[in-house]
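Undergrad: Spelled out from the first residue to the last, the chains are:
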Amino acid sequence: MLLVNGCSYTYGDELEDPVNQRWSSHLSNLSGKKVENIGSCGASNSKIFRTTMDTLLTPRADITGVIIIWSAFERVEFVNLSTHHLFWAEGNPDQDPWMQVSPSRLNSRQYKSVTRKTESLKAFYNDLYTSEGGIWQTVNYMYWIKKLCEMHNIDCMQGWFHEAMLARYRRVFSRINHQNMGGRLASIDKEVSGKLRELAPYQLIGCPGTDYQTFNMFTERGGYKRMPEDHPGPEAHEGYAQYLFDIIKEHNLFEEKI
Amino acid sequence: MRTKTNKIFFNGCSYTYGIGVADFTDVYGIQNNRYSKLVANHFNMIDDNAAQPGSCNQRIARNTFTQCTPDETSLAIIMWSDPPRTEIFRPQENEYHFQDLAQITPQGANGTQSYEHREALLHYFTYIHSEERALIHTLYNMMSVEAYFREKNIPVMHLHYKGNFNRVLRHVLQRCEDFSNNDESINLKREIENSINYLSTNKFLTGVNDNINFNDMVKHIPYSTISLGHPDKEGHKLYSEWLINYIEESNVIS
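For the record, the sequence lines run as chains A and B. So for the first sequence, our numbering puts the first residue at 1; every next one is plus one. So for the second sequence, our numbering puts the first residue at 1; every next one is plus one.
Just so you know, not all the hints are guaranteed correct.
[Stated by the list, open to error] To give an idea of the interface, some chain A residues facing chain B are shown, with a C-beta separation under 7 Å as derived from the structure:
id: 1; residue: Asp17
id: 2; residue: Pro18
id: 3; residue: Lys33
id: 4; residue: Leu81
id: 5; residue: Ser120
id: 6; residue: Leu128
id: 7; residue: Gly133
id: 8; residue: Lys146
id: 9; residue: Leu148
id: 10; residue: Ser193
id: 11; residue: Thr210
[Claimed, not checked] Listed next, the stretches of chain A that the computed footprint assigns to chain B, with coverage defined by at least 3 CB atoms under 8 Å from CB atoms of chain B:
id: 12; segment: 1 to 12
id: 13; segment: 20 to 27
id: 14; segment: 197 to 203
Worth flagging that the hints you see were computed from the coordinates, not collected in a lab. Backbone N, C-alpha and C fix where the C-beta goes; we use that ideal spot for every residue, glycine too.
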């Protein structure tokens with residue numbers, strides 16, 4: 001069984017039949033392995049990390065591999081049981097106490113649970129959140145999951161969902177930023193690039209250091225159809241499953257360990 | 001029992017760094033009187049101390065993977081900090097040059113010099129932060145560290161500087177009970193219990209299923225006059241004696 005986690009791109013948002021049309025299902029058909037997809041729309045990397053850990057730490061002999069497509073650095077999550085009823089007056093569809101926040105959706109009417117705290121979240125994104133911190137946290141999550149999988153003696157494949165993350169990474173650690181920000185940025189860059197160097201190429205899909213494409217880039221370059229809210233369409237999911245399967249074969253991943 | 005190595009790795013906040021045992025400028029005095037040094041000396045080992053004052057738990061976990069040299073480490077001792085603490089990147093700050101990310105405590109938010117940062121931090125601690133969020137993120141930091149050292153086959157002790165973690169845990173579990181008529185509370189409680197079950201398989205877990213912590217253990221000794229709110233030399237000595245005894249009883253270092 002392969003454990004798959006990520007955001008809407010992994011969940012299969014906007015697909016008519018996500019469970020059967022998303023890339024993880026096609027990958028299951030290609031590899032002949034069962035897949036458990038715990039991805040969810042809007043997931044922050046903090047949530048992806050938590051839910052992956054939660055699944056892996058419960059003794060599950062059936063999980064033989066992990067695939068994670070990490071989400072945007074800037075997403076965060078919060079939870080507050082005392083004011084919970086304010087957010088979910090109309091019912092919480094998946095009984096998840098956590099709320100996932102994306103800065104691009106703070107004003108969206110579709111996300112009432114978030115807009116109640118819009119002012120605070122705007123202040124957070126304007127004055128507290130920085131890409132440096134977000135990138136470092138995500139890279140740490142990637143490293144920790146790699147370590148956890150090593151401990152369980154299972155393979156782990158990871159990557160970023162969107163090439164904008166790579167562009168952000170390059171901007172943040174650009175020469176001009178190093179000149180402007182001095183030693184603090186240099187020490188973060190050192191730690192982040194050091195952690196990334198410890199990851200194998202198949203754990204750096206769409207990240208610095210490999211040519212493997214993010215799902216979004218694959219969709220763009222392949223000219224695949226997109227859904228109304230810009231998520232990859234069903235053909236893109238099928239194509240990306242084959243793309244990931246080729247990487248799996250190239251590196252002999254998820255073979256039975258002795 | 002491990003004999004090939006000669007370091008005890010410590011990480012934590014100001015309590016582990018040794019604030020209060022000597023003047024701030026007396027680095028030698030701090031490094032030689034803090035509990036980590038006393039413990040390491042007792043076992044004739046090196047005090048490999050990666051603590052920083054004001055640390056949030058995210059930094060402690062992150063920094064543990066960066067600073068620890070597993071091949072030279074016999075034992076890891078992590079003293080977890082206050083769950084609500086957080087960290088941000090503020091390159092414009094001049095103080096604390098040694099910190100890549102500024103460590104933020106809720107009680108210090110009101111004293112932030114920059115108006116925008118102060119307002120944003122007050123918003124953050126009022127509306128975004130919650131005990132639930134702080135608790136669970138701390139638990140996942142603890143689990144990450146636990147998993148890391150298990151993979152390295154190095155025993156790790158989880159300690160707490162104050163009873164804050166235990167208090168937050170009790171509050172959150174009580175809140176889960178108060179709201180037990182909704183599925184979200186049940187799910188949150190399950191997530192907390194799963195985390196604790198995993199950590200509890202480590203026999204060196206303190207401050208979670210009990211309320212053992214540094215501050216309470218030395219509370220009959222007046223706080224340091226150098227830095228109010230921190231144990232002084234005497235407090236560190238007393239705590240180190242408890243910790244030495246705890247380590248010896250466990251027979252984790254030969």
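Undergrad: All hints are to be evaluated individually against the structure, with a verdict given for each.
TA: Each hint tested on the structure:
no., hint, in the structure
1, Asp17, "violated, 26 Å"
2, Pro18, "violated, 21 Å"
3, Lys33, "violated, 24 Å"
4, Leu81, "holds, 5 Å"
5, Ser120, "holds, 4 Å"
6, Leu128, "holds, 5 Å"
7, Gly133, "holds, 5 Å"
8, Lys146, "violated, 10 Å"
9, Leu148, "holds, 5 Å"
10, Ser193, "violated, 12 Å"
11, Thr210, "violated, 22 Å"
12, 1 to 12, "violated (count 0)"
13, 20 to 27, "violated (count 0)"
14, 197 to 203, "violated (count 0)"
Violated hints, listed in ascending order, are 1, 2, 3, 8, 10, 11, 12, 13, 14; each of the other numbered hints is respected by the structure.
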